[in-house]
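2 protein chains.
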Amino acid sequence: MKEGITVVKIGGNVIDDAAALKRFLGEFASLPGRKILVHGGGKLATRLAERLELKVRMVEGRRITDKGMLDVVTMVYAGLVNKQIVAGLQAAGCNAIGLSGADGNIVTARRRSPEPIDFGFVGDIERVDSDLLGRLLETELTPVFPAIMHDGCGTLLNCNADSVASAVALGAARLAPTDLVYCFEKRGVLRDPDDEQSVIAEITAESYPPLKADGTVSRGMIPKIENALKAVGQGVRSVTIRSSEGLGDGSGTVIR
Amino acid sequence: MKEGITVVKIGGNVIDDAAALKRFLGEFASLPGRKILVHGGGKLATRLAERLELKVRMVEGRRITDKGMLDVVTMVYAGLVNKQIVAGLQAAGCNAIGLSGADGNIVTARRRSPEPIDFGFVGDIERVDSDLLGRLLETELTPVFPAIMHDGCGTLLNCNADSVASAVALGAARLAPTDLVYCFEKRGVLRDPDDEQSVIAEITAESYPPLKADGTVSRGMIPKIENALKAVGQGVRSVTIRSSEGLGDGSGTVIR
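Chains as they are written, first to last, in my numbering: chain A, 99 to 354; chain B, 99 to 354.
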């Protein structure tokens, strides 16, 4: 497979907005070449858990995925959201196939250690089956991943969608040059957080430390950039952080 | 593909019983040769709809699948039940892959005419992609279908799981000799409904009319047998109606 592969990750800001999601799926379907979509879940799982009056346990500001919550995220992410996205992509002419990690055993995860904090049925990605990914891409299928993986022993695990996207991109990079695109609510990494026009065009391992030191890159953006630099260091050709709007227009912050 | 294909359908009596489901998945995983699983949904979707206080509209004793109910069955059948089955089969050493009809566009359905009764988002199977089915089976994947299909235009449709099983078996029969197995709560078609030992070993197009005329085959069994005879007439090698217990032991009523 000589042609490149694009892995795009979307989150709640697209999934929770029916009009934005429809526009995005049309733009994603129009992207040339082999591609893969990874999606988070949005607010629907939280709303469903509330309606079911599940007790949400939090530790240090993070939700515990107990058995009830695992069932809810499996229903919502791997069921409703995934199948609506796949059906929407089919309608847009893109031959999508939804895959949890258990499907074809394509992604396995390891349940996170219960020490020091037991987050419940939460996993970290262990292995992506590049061979199966390649066979699916060769038959012109477009894999669509929710962040629900499995441990290979019958247990489903809720994973971080950003981490799924970077693991899948690393798996794809073993097949062909791979570009990873993280869509979020801003147009890119901004030099001035109040100015949407101040997108930093490129960040490299060399240009990053001063941006972190002077506070241009701060808080939630730090793990995003550091994960992106790590992915690039491990073989992903580029990582772009950008808005979902106008996908394919070349805008956003490119990390290489 | 010379080797035969076995298509097995299970319903609520297995899905709703965790111990029965686990035993069944182990037996299914041990079946030799290429195989496909089709599953219904069980009572979980109804229970979830009740907990969400969805208004269940019934016409002539049949539930209307409105948008709220479609979302519930998509979550439960294509999400929770499908992924639990796939993860359970993976744990049993069977390389399962869950597929709604939208996934890979493998099964399309047509929304049922709103005349004389509008059942909502309910579909009848239109087309099964035998080529994709064959490619998946050749790579030793075991497709696992919920009864959630799509119309190709972005709408998911709730289908009858028995009909999905027979359509998938007909699609498989274009690839290789195919045997279809319907699991239900009895050991087979019984000559005496109170005697589980009175299983009729074989029913054919010739032996069926007298069994219907004398009332041996009655009520809910009539459409099952007639659908089975139709499937056999259209190219499925055999249809077996049996219990899920002891799958592969050759028991049950065989229609050919």
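Don't take each hint at face value.
Given that identical chains are not distinguished, each listed pair holds provided it fits within a single copy or across any two copies.
What the hints assert, rightly or not - Dumping the calculated PhoX-like pairs for lysine-lysine here, alpha-carbon to alpha-carbon at most 25 angstroms:
id	residue 1	residue 2
1	120	165
2	165	141
3	141	284
4	153	141
5	165	310
6	153	328
Simulated from the structure, these hints should not be mistaken for lab results.
Checked hints:
1. In this assembly of identical chains, the alpha carbons of residue 120 and residue 165 lie at most 25 angstroms apart only when taken from different copies (18 angstroms versus 32 angstroms within one copy).
2. When the C-alpha separation of residue 165 and residue 141 is checked against a cutoff of 25 angstroms, the pair qualifies both within a copy, at 19 angstroms, and between copies, at 19 angstroms.
3. Taking the shortest alpha-carbon separations for residue 141 and residue 284, only the intra-copy value of 19 angstroms comes in at or below 25 angstroms, while the best inter-copy value is 43 angstroms.
4. Taking the closest pair of Cα atoms, residue 153 and residue 141 come within 25 angstroms of each other both inside a single copy (16 angstroms) and across two copies (23 angstroms).
5. Taking the closest pair of Cα atoms, residue 165 and residue 310 never come within 25 angstroms of each other, the shortest separation being 39 angstroms inside a single copy and 48 angstroms across copies.
6. In this homomeric assembly, residue 153 and residue 328 never come within 25 angstroms of each other (Cα to Cα): the closest approach is 36 angstroms inside a single copy and 50 angstroms across copies.
In the structure shown, a violation is registered for the earlier hints numbered 5, 6, in ascending order.
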